[in-house]
Amino acid sequence: MKVHPVTALFPMFGPDELLDLAQDIESNGLTEPVVLDADGVLLDGRARLAACELAEVEPRFTTYQGDDPVCLIVSANRHRPNTTPGQHAMITAMARSLSPHSLPSDTAHCGINVTRLSIATTVLEHAPDLAEQVRTATLTLNAAYTAVRRRKADAKALLAQHARLRQHAPDLAEQVIAGHLALTDATAALDARQAEEHLRRRVEEIDAIRLADGDTTPAFARTAEAGDIDWHHAHQKAEQYLARRHDAIRHVQHSLAGIAELWSAVQDLAHHPRSPYAREILKGLTGPARTLANRLIALETTCATGAA
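Going by this note's numbering, the sequence shown opens with residue 339, and the numbers climb by one from there.
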């Protein structure tokens, strides 16, 4: 007997279930007839028909008089003991794909959970292989949906990697497209390029500072470009220079702050440079300290004279 394609989507009873049904029919008779359409195609009762054959009981048939056989099939199978809600949703989604206009837009009256059906439709659209596993109960609907979301995320990430290559490294993108380079290797190569470019820009920034400060030693960038050192080494040397420069600035700032705090003493010396007080202070100084004191006194004297 020809079976409706949507009916065929529902898994057949297993041997034990079929035997139990056959024994029940043998004892109590067939309480619910096998449903056919007007052309004799089986819509519902495939297991009952098989059980009648096992029990050697003459099956009874009835002809469906409605105009929505798919909805009948889906509704009749929603409480099957060997079908999970996830399977039912997936089979319904498959039924809609086989006959898009066979189920109404309001599927609730056919016994369909709309949210579950939406999830099943998503799985069927993006992963037919997983959808088939859900139909046969080798994979749950939730697990299949999780896998689909992961696949979509992975695909999105791959697209983003390709787009990044096309934007920043067209040559590498072409090699990937031609199959000469793996995407992971191309991405790693681009990462290395961009990391080196970042180092190059940083070294050149520090070289510009050195030049502005009057440093005449060879630029770190020029040394790296000549191949004497790599960019990592050049960056290390540049950062070391910047750290020493920072320390020197802080030291001078600290020294000047100390001078500023004691500037009143310099002013006293400048106002009375020949006093016993001044002579005794200068006498106790030697070397650079005395030279600095004399210069500061002279500077203060000049400033005071100019102000006057």
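Hints in this document: simulated from the structure, not taken from any laboratory.
Keep in mind that the hints are not guaranteed to be accurate.
Unchecked claim - Have a look at the derived ranges for each label pair, beta carbon to beta carbon:
#, residue 1, residue 2, range
1, 354, 375, 17 to 25 Å
2, 509, 568, 20 to 28 Å
3, 617, 552, 34 to 42 Å
4, 529, 419, 49 to 57 Å
5, 452, 397, 30 to 38 Å
6, 366, 436, 44 to 52 Å
7, 614, 584, 20 to 28 Å
8, 580, 610, 42 to 50 Å
9, 593, 546, 41 to 49 Å
10, 614, 580, 28 to 36 Å
11, 571, 593, 19 to 27 Å
12, 578, 642, 21 to 29 Å
13, 599, 527, 20 to 28 Å
14, 529, 586, 29 to 37 Å
Note that the Cβ used here is the ideal one computed from N, Cα and C, for glycine as well.
How the hints compare with the structure:
1. 354 / 375: 17 to 25 Å: violated (30 Å)
2. 509 / 568: 20 to 28 Å: holds (22 Å)
3. 617 / 552: 34 to 42 Å: holds (39 Å)
4. 529 / 419: 49 to 57 Å: holds (56 Å)
5. 452 / 397: 30 to 38 Å: holds (35 Å)
6. 366 / 436: 44 to 52 Å: violated (35 Å)
7. 614 / 584: 20 to 28 Å: violated (44 Å)
8. 580 / 610: 42 to 50 Å: holds (45 Å)
9. 593 / 546: 41 to 49 Å: Violated, since residue 593 and residue 546 (Cβ atoms, about 27 Å apart) do not stay within the stated range.
10. 614 / 580: 28 to 36 Å: violated (49 Å)
11. 571 / 593: 19 to 27 Å: Cβ of residue 571 to Cβ of residue 593: about 33 Å, so the range 19 to 27 Å is violated.
12. 578 / 642: 21 to 29 Å: Given range 21 to 29 Å: violated, Cβ gap about 44 Å.
13. 599 / 527: 20 to 28 Å: 58 Å Cβ-Cβ, so the 20 to 28 Å window is violated.
14. 529 / 586: 29 to 37 Å: holds (36 Å)
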